[in-house]
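K.L.:
Once you've looked at the hints, dock chain B against the given chain A.
Take a look at the letters that make up each chain.
2 protein chains.
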Amino acid sequence: MGFSFNLVKQDKKSYARAGEFITPNGVVKTPVFMPVGTQATVKALSPNEILDVGSQIILANTYHLHLRPGADIIAKAGGLHKFMGLADTIPILTDSGGFQVFSLSKLRKITDEGVEFQSHIDGSKHFFSPERVVDIQSKLGSDILMPLDECTAYGASYEEALSAVNRTTAWIARSVKHFEGVHKQKSATTKKPQALFPIVQGNMYHDLRIKSLNDLLPYARYGIAIGGLSVGEPLDTLQQVLDTLAPNLPSDKPRYLMGIGSPEKLVESVLRGIDMFDCVLPTRIARNGAVFTTRGRITIKNAQYKADFTSLDKECDCYACANFTKAYIRHLMNTDEILGHRLISIHNLRFLLRLTEQLRQAILGDKLQAFVKSFYKKYQKSLKM
Amino acid sequence: MGFSFNLVKQDKKSYARAGEFITPNGVVKTPVFMPVGTQATVKALSPNEILDVGSQIILANTYHLHLRPGADIIAKAGGLHKFMGLADTIPILTDSGGFQVFSLSKLRKITDEGVEFQSHIDGSKHFFSPERVVDIQSKLGSDILMPLDECTAYGASYEEALSAVNRTTAWIARSVKHFEGVHKQKSATTKKPQALFPIVQGNMYHDLRIKSLNDLLPYARYGIAIGGLSVGEPLDTLQQVLDTLAPNLPSDKPRYLMGIGSPEKLVESVLRGIDMFDCVLPTRIARNGAVFTTRGRITIKNAQYKADFTSLDKECDCYACANFTKAYIRHLMNTDEILGHRLISIHNLRFLLRLTEQLRQAILGDKLQAFVKSFYKKYQKSLKM
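Same order as they appear, the protein sequences are chains A and B. Note that our numbering gives residue 463 to position 364 of the first sequence, counting from 1, and the numbers run on in steps of one. Note that our numbering gives residue 236 to position 137 of the second sequence, counting from 1, and the numbers run on in steps of one.
Worth double-checking, as some hints may not be accurate.
In this list, chains with the same sequence are indistinguishable; a pair is considered to hold if it fits within one copy or across any two.
In silico DSS-like cross-links for lysine-lysine, where the CA-CA straight-line distance does not exceed 27 Å [to be verified]: (1) Lys-175 x Lys-413; (2) Lys-476 x Lys-108; (3) Lys-476 x Lys-290; (4) Lys-405 x Lys-291; (5) Lys-413 x Lys-181; (6) Lys-205 x Lys-283; (7) Lys-276 x Lys-291.
No lab work stands behind these hints: they were computed from the structure. What you are looking at is a predicted structure, and each value in this text was computed from that prediction instead of being measured.
If we strip away everything but chain A, and leave its shape as in the complex, we get:
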């Protein structure tokens, strides 16, 4: 139905792989980082800039778009791509909103039926069921939709994590039944095919992760997502969970690790067989003037850059690095000017997108170990997780 995945190359010394995820709105070459456009805009960027930094696919958020402007407005606009000026360009993945209900909303009440919550904006009451979340994303017209899942906090007990795994499994069955039965795997708005990825839960409990994966595999027709990680755990905990999952993930489907976006975690996850990533980190830290560079993360507001007339990163090919100096961008950030936020957002996104492009080339050229070693050698000075 318009989606398929080609495994182009499997690395011999790790679980890393290079692939092609074919969607009705274009081919996504993996590994891939997906810039986050929570509210139908990648923060500070225009659609042409989203494409210029090398985005192959972006993410938007069901929870936020349900609250504002509402799925009906976006449906009237002809779907999310048209609404946000990305018609006929690249695919969009929508998050289910499950994570936001658990992290942002007030007074949530979760039952087997679904989750009742109050908007973090105006306190209005809403109800998400697995079926409702599919309905909303069918209206939005995203290419890949995510089912409602239950995400537990870092530090949750085994019993809590097990309960969330079981509820997530119960909900995926309802989600897929509704998606295939009622919606026929198509957007109600665009009539184009849509894909759905189940979301593996299980907190940091390895046996629960394996149980969740096995429970969900029958529903992983298009791909599989891993949720509930990068929620505050140390890097080695993340690595260990991925080590456990890696040999058990389906090789013929894209694997999406949700909410990962620091350069180090991205590299470590690619080594463990992950194909797709998303994270607000590159645009969120841009607000404070934090800049990814091949020599580590820097804070542009520091006085040392006052009269530094070199680019943010001499190895970068982005618009900001081609045209502006650290001194100017520092001045823009010190004076709270929007252009500063724009330039660092563009740069940070390009950094992560180029990193995944480089990882892919290294996998294809049988040079992954050497690339990773050289990446860390330069980057290690400022390892902040």
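P.N.:
Just chain B, lined up with the frame of chain A:
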């Protein structure tokens, strides 16, 4: 020395004129609106967007740039054009900072020698003399620089206004002496020729306006500016002051009316012989979602635009109108997204720049009266001064 003004056409039924102001960084076709880049950035726009909206010349501010990042940093960058990514594109005019000292700074103390003031940012003490203000702008490397003047508030007494006129005249003599004698009319940074325009003061007192103009004419080698207007007075008061000045302004020099940017005031001032304008209005009101359109000013956050999938203004040729709907831009403004601010800023600037282009074409084609009539007929619905 690199600057000249050609009067291309004088309208027969009004004081309006079309001209060409030749500068070392390009020809400016007048009447012209100059977007304001207070802190070396036109708020929310990138340099390529500044050019895309049709800017022929922009303004930056000496007061703000002196405080942050300081003229020495900009000199080290090779001047303001290079610092802000506008090298070899269009000319820049720098305001003297006189107006900002009077409107923004704390605890100012004015003497014949100059003005002592405290930064509105950190309370640090600074001193501007006519010579110092020329020195700073020589370092900045702008094309046109403004001398220190004394601006009085709307409602100032005749005595206060007279005193400011006399001080402004005394200061222009020192400014020009320093500019010509010490700096040889060139930037200390770029070595390129610079021009200086005296600033006519006199508050709303017509005889003082004429006195100030006559006092300053000997120093108006490159052009003349009119300051201290659009400070809260009604439109007809502005019109009357300009009516008094119009027949007395030199015809062979550009005339710059400072701080004017509403569409109505711009039209009325062109009719009274003004060639150059600047104002923060188009980007400032963008922050609140106020949009200039040929049918009047609209507030995009209003519920009536919730499902309006037309562009901001069907007669507009800007990037925002070519690619986005009112419904999307309303959503961006309601969710405080930077892209909303960007799109409305681009649109509002393009609106004023196109308006001056249309006024110029109307003057050249002997159709000014008809153009103005048709402009008001459409725009009148929301006349807000």
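K.L.:
Hint by hint, say whether it matches the structure.
P.N.:
Structure-based check of all given hints:
1. Only between protomers do Lys-175 and Lys-413 lie at most 27 Å apart by alpha-carbon distance; the minimum there is 20 Å, versus 45 Å within a single protomer.
2. Within a single copy, Lys-476 and Lys-108 get their C-alpha atoms as close as 26 Å, which meets the 27 Å cut-off; across copies the closest is 66 Å, which misses it.
3. When the C-alpha separation of Lys-476 and Lys-290 is checked against a cutoff of 27 Å, the pair qualifies neither within a copy, at 49 Å, nor between copies, at 45 Å.
4. Taking identical chains as interchangeable, the C-alpha atoms of Lys-405 and Lys-291 lie at most 27 Å apart only when they sit on different chains, with a minimum of 25 Å there against 51 Å within one chain.
5. For a Cα distance limit of 27 Å, the shortest separation of Lys-413 from Lys-181 across copies, 18 Å, qualifies, whereas the shortest one inside one copy, 36 Å, does not.
6. Taking CA atoms no more than 27 Å apart as the test, Lys-205 paired with Lys-283 passes in neither setting, with 34 Å inside one copy and 67 Å between copies.
7. Taking CA atoms no more than 27 Å apart as the test, Lys-276 paired with Lys-291 passes inside one copy only; the shortest distance there is 18 Å, against 73 Å between copies.
Checked against the numbered hints given earlier, this structure breaks hints 3, 6; the rest are met.
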